[in-house]
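Colleague: Since chain Z is already given, all that's left is putting chain Y on it; use the hints.
Protein chains: 2
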Amino acid sequence: MIPNAPLDALLSHAHTTAALEQVAGRLGWDQETVMPKGAGPQRAEEMAAMEEVLHARRTDPRVGDWLAAVDRAALSPVEAANLRHIERDFERSARIPVDLAAEIARTRSAAHLAWIGARADEDVGAFLPLLTRILDLKRQEAMALAAGGTAYDALLDEYEPGATGASLEAMFSALRPRLVALRNACLDRPAPPGIAGDFDESAQMRLTRKVAKSFGYDINHGRIDKAVHPFSSGSGLDVRITTRTNAADPFNCLYSTIHEVGHAAYEQGINRDYLLTPLGRGVSMGVHESQSRIYENQLGRSRAYTAWLYGEMTEAFGDFGSANSDEFFFAVNRLQNGFIRTEADEVQYNLHVLLRFDLERALISGDLQPGSLEAAWNDRFLADFGFAVEKPSQGCLQDVHWSEGLFGYFPTYTLGNVYAGCLHEALRDAVPNLDNQLAKGDTTAATTWLRDAVQIHGGLKTPKETIADACGKAPSEGPLLDYLEAKFGAIYGL
Amino acid sequence: MIPNAPLDALLSHAHTTAALEQVAGRLGWDQETVMPKGAGPQRAEEMAAMEEVLHARRTDPRVGDWLAAVDRAALSPVEAANLRHIERDFERSARIPVDLAAEIARTRSAAHLAWIGARADEDVGAFLPLLTRILDLKRQEAMALAAGGTAYDALLDEYEPGATGASLEAMFSALRPRLVALRNACLDRPAPPGIAGDFDESAQMRLTRKVAKSFGYDINHGRIDKAVHPFSSGSGLDVRITTRTNAADPFNCLYSTIHEVGHAAYEQGINRDYLLTPLGRGVSMGVHESQSRIYENQLGRSRAYTAWLYGEMTEAFGDFGSANSDEFFFAVNRLQNGFIRTEADEVQYNLHVLLRFDLERALISGDLQPGSLEAAWNDRFLADFGFAVEKPSQGCLQDVHWSEGLFGYFPTYTLGNVYAGCLHEALRDAVPNLDNQLAKGDTTAATTWLRDAVQIHGGLKTPKETIADACGKAPSEGPLLDYLEAKFGAIYGL
Numbered sequence: 001m002i003p004n005a006p007l008d009a010l011l012s013h014a015h016t017t018a019a020l021e022q023v024a025g026r027l028g029w030d031q032e033t034v035m036p037k038g039a040g041p042q043r044a045e046e047m048a049a050m051e052e053v054l055h056a057r058r059t060d061p062r063v064g065d066w067l068a069a070v071d072r073a074a075l076s077p078v079e080a081a082n083l084r085h086i087e088r089d090f091e092r093s094a095r096i097p098v099d100l101a102a103e104i105a106r107t108r109s110a111a112h113l114a115w116i117g118a119r120a121d122e123d124v125g126a127f128l129p130l131l132t133r134i135l136d137l138k139r140q141e142a143m144a145l146a147a148g149g150t151a152y153d154a155l156l157d158e159y160e161p162g163a164t165g166a167s168l169e170a171m172f173s174a175l176r177p178r179l180v181a182l183r184n185a186c187l188d189r190p191a192p193p194g195i196a197g198d199f200d201e202s203a204q205m206r207l208t209r210k211v212a213k214s215f216g217y218d219i220n221h222g223r224i225d226k227a228v229h230p231f232s233s234g235s236g237l238d239v240r241i242t243t244r245t246n247a248a249d250p251f252n253c254l255y256s257t258i259h260e261v262g263h264a265a266y267e268q269g270i271n272r273d274y275l276l277t278p279l280g281r282g283v284s285m286g287v288h289e290s291q292s293r294i295y296e297n298q299l300g301r302s303r304a305y306t307a308w309l310y311g312e313m314t315e316a317f318g319d320f321g322s323a324n325s326d327e328f329f330f331a332v333n334r335l336q337n338g339f340i341r342t343e344a345d346e347v348q349y350n351l352h353v354l355l356r357f358d359l360e361r362a363l364i365s366g367d368l369q370p371g372s373l374e375a376a377w378n379d380r381f382l383a384d385f386g387f388a389v390e391k392p393s394q395g396c397l398q399d400v401h402w403s404e405g406l407f408g409y410f411p412t413y414t415l416g417n418v419y420a421g422c423l424h425e426a427l428r429d430a431v432p433n434l435d436n437q438l439a440k441g442d443t444t445a446a447t448t449w450l451r452d453a454v455q456i457h458g459g460l461k462t463p464k465e466t467i468a469d470a471c472g473k474a475p476s477e478g479p480l481l482d483y484l485e486a487k488f489g490a491i492y493g494l
Numbered sequence: 001m002i003p004n005a006p007l008d009a010l011l012s013h014a015h016t017t018a019a020l021e022q023v024a025g026r027l028g029w030d031q032e033t034v035m036p037k038g039a040g041p042q043r044a045e046e047m048a049a050m051e052e053v054l055h056a057r058r059t060d061p062r063v064g065d066w067l068a069a070v071d072r073a074a075l076s077p078v079e080a081a082n083l084r085h086i087e088r089d090f091e092r093s094a095r096i097p098v099d100l101a102a103e104i105a106r107t108r109s110a111a112h113l114a115w116i117g118a119r120a121d122e123d124v125g126a127f128l129p130l131l132t133r134i135l136d137l138k139r140q141e142a143m144a145l146a147a148g149g150t151a152y153d154a155l156l157d158e159y160e161p162g163a164t165g166a167s168l169e170a171m172f173s174a175l176r177p178r179l180v181a182l183r184n185a186c187l188d189r190p191a192p193p194g195i196a197g198d199f200d201e202s203a204q205m206r207l208t209r210k211v212a213k214s215f216g217y218d219i220n221h222g223r224i225d226k227a228v229h230p231f232s233s234g235s236g237l238d239v240r241i242t243t244r245t246n247a248a249d250p251f252n253c254l255y256s257t258i259h260e261v262g263h264a265a266y267e268q269g270i271n272r273d274y275l276l277t278p279l280g281r282g283v284s285m286g287v288h289e290s291q292s293r294i295y296e297n298q299l300g301r302s303r304a305y306t307a308w309l310y311g312e313m314t315e316a317f318g319d320f321g322s323a324n325s326d327e328f329f330f331a332v333n334r335l336q337n338g339f340i341r342t343e344a345d346e347v348q349y350n351l352h353v354l355l356r357f358d359l360e361r362a363l364i365s366g367d368l369q370p371g372s373l374e375a376a377w378n379d380r381f382l383a384d385f386g387f388a389v390e391k392p393s394q395g396c397l398q399d400v401h402w403s404e405g406l407f408g409y410f411p412t413y414t415l416g417n418v419y420a421g422c423l424h425e426a427l428r429d430a431v432p433n434l435d436n437q438l439a440k441g442d443t444t445a446a447t448t449w450l451r452d453a454v455q456i457h458g459g460l461k462t463p464k465e466t467i468a469d470a471c472g473k474a475p476s477e478g479p480l481l482d483y484l485e486a487k488f489g490a491i492y493g494l
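Residue numbers (the working numbering), protein chains in the order written: chain Z, 1 to 494; chain Y, 1 to 494.
Isolated chain Z, as found in the complex (with noise of 0.2 Å):
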């Protein structure tokens, strides 16, 4: 054992620092879940005294000091994969200049809130100010941060390092036309039935419990609760999720909760051992994505599971109109038109982020100007979906992610889905019988396997690498693509 003062130093700064990011995030959680309605303000200032907190941990001088002094021969995978985190995110923080950071903090609220009542009127102009203004402001902190490189690939890299610009772009360009092409097939044939039904939201809660469990999520280190928008928060022994649910659209309620459930299986899932450190939370957002999304669509919209929840669906609510369990694997799975990113199918969800993700990378470029971001947005949408916007709220205005300086964040939806197309088709290949277990509600053996091949590592490798090393090659389109163009042939007998 040789002694390492630096790094031990190192490690314990970067323990206090996790457990008070938990704490964070749990104000976050009691805001949405809990908080009494008149706190609000004072919860801005204790938000706000965390943050101070957290921002002088991450530019801590003695941070660098210790970096410098450690000795970096004889490091542990563990240790190395440590410090590479550390060093990672102090070198962002001290690249970024405490003015423009508090700058940013404060451009960023003010413009949520602009950005809400913009939406609410319908008035691009009413927004546009504040987007230029934080637009202008990330682009300052993207050239910080990018030190001569690429601005939007920096910003990228806080969302999922090591991904760029440019091979999202490569990959991405692959995905859209088979997803056009297999979206206007899906339109041209007659629409599967929906259900239609009142589905009592009491009932729709004790189900939604039912199918966590289903997904093995860990109630003995969570909770469930409603609100308003469904998340997943916290890591280690305390995850919780939310969900919401709808008197009319049962379905709101169980995927939302399937697909936090596996943003949380992945938090909880990660190896005990790197609790409350760098690495004992989702490694980036795309992987991330991929749990989410292969328990939401891959399996829980899978004819096989599906089949076993028409059984839970019939014995909660009775006729709602899909006769046998195939006409509800159709209605589960059926493709609409729609303007609205999150409520969209798995062929179509892609296609509203490519739009986005185009459209924000010539935003930091300086290619697209933030006046001429609604038509770029209506051109492009109707380019994609052969309809129209007809109102911002359907269109430029519909999500918060930019007012809230989020640019380079919506990629790694899609990334999380091509992961997940990935990790699918590998699964299968593990458990050629898994469609049995699922006809069960059984997802054991999805979910072990999923546990043991990408949760478990939490920031151990680079997010690429857990994908790859749980594939056993590198991850592409291809897969996702086949599965998409599979399924819903079937399901519209193309």
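If you're looking for bench data, these hints aren't it; they were derived computationally from the structure.
Don't take every hint at face value.
Put simply, identical chains are the same to the list, so a pair is met inside one copy or across any two.
Stated by the list, open to error - BS3-like cross-link-like pairs, simulated, lysine-lysine; straight-line CA separation at most 27 Å:
#, residue 1, residue 2
1, 210, 487
2, 226, 37
3, 37, 213
4, 210, 226
5, 226, 213
6, 210, 37
These numbers come from a predicted model, not from an experiment.
Modeller: Below, chain Y alone, put in the same frame as chain Z:
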């Protein structure tokens, strides 16, 4: 406007610290109400991280520099009060050696666990080593804080700034004989009947919400949940309470709620200008307890309020053995022999506290050794209550306080009752027709008077000034004793 940069720095630092203290407090609320069962080990790390941050802020040498540099001329009363709190907190923190503070924190956890085990096993000996250790450490802390003064006073000052053991001793010596005499006189008379029935726990929670509302609890800035031990948590815009239910005993739920509403109303009633400043929370434990107790006892257990509550109880639960509101009033207030402080009635409660006050002063002074604590407790209990402790869980192991190192806390309970007695006398003078309102379940006049006379001031004045200004004279034990003798004399026909 004279610039005073050190003052601004101190206030800004204190603001962030106050916000972080709210966050840490809410972690405690979360743990007792909604935390997943398996999250405990991670939560301990999160709490420790928050404590590390708070401790570093409290002992930040810059605070000492700012205090030395601040211009004390021309301070407003609010600025002066803020400065007083900041200076006091800094000086107390600076006097405690870092190693001692860390050792106390570690030992407190161990002692708490040992106490739980010892109490379950009825084995004082199993707790003795850690009681001895935590006592020794707290004596070291007291001596460091006292700087030549009285050790016990230095500990007491943490909970009741400005109070001394000697001043409380004088007050409590006057209380004890009249309380013992009143207790004996009541218990010599036939006991009024209690209530009996099966009190639906959901109905208890519905009624407890109505009762909380009747006392002006602001649910827009708070919430009510169930927890094992009732408590109030938070300041300002987010003040939450908990209660509990017992199907055989609805008073447990209702009066726990009223007690916690008293604490919460204090925090909710503080001048909003003081939000997240050193003035923005209750000024001492004694003043806090004065609010919880006057809500619970002088108001909640009054003949007038219980007349309204009788109607509500009858509506909620049907017949439960009280033929009319007078019988119900007697049942609410009847005395019973008992070992447990937290279950004691108004007459006997302070006798339980006085016993602890005398014993803990002897422990801190060294006049009593931990090994002799059990015998000393049992002797004193027999002398005051007239019957013998049969097992340690009824005696010296019943309370959590000493295991947590909270020496000097107990007397603030009785001081709070004394203060409540004084405030009640002044309130009755100020609102002569109060009973007319209480009999309708309307506490507005009482709670408004308490808010304007006491709660609104937060930490602006010293604790004693707060009560003296509200009452128009220095606080003393007389009003409490007069109130108790009159009330229980009437109930028991003395």
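Colleague: Take the hints in turn and mark each one as holding or not.
Modeller: Quick rundown of the hints versus the structure:
1. 210 <-> 487: within (26 Å within a copy, 56 Å between copies)
2. 226 <-> 37: both (15 Å within a copy, 19 Å between copies)
3. 37 <-> 213: So residue 37 and residue 213 pass the 27 Å test across copies only (16 Å; inside, 31 Å).
4. 210 <-> 226: both (15 Å within a copy, 25 Å between copies)
5. 226 <-> 213: both (17 Å within a copy, 25 Å between copies)
6. 210 <-> 37: Answer is between: at 19 Å across copies they meet the 27 Å cutoff, but 30 Å inside does not.
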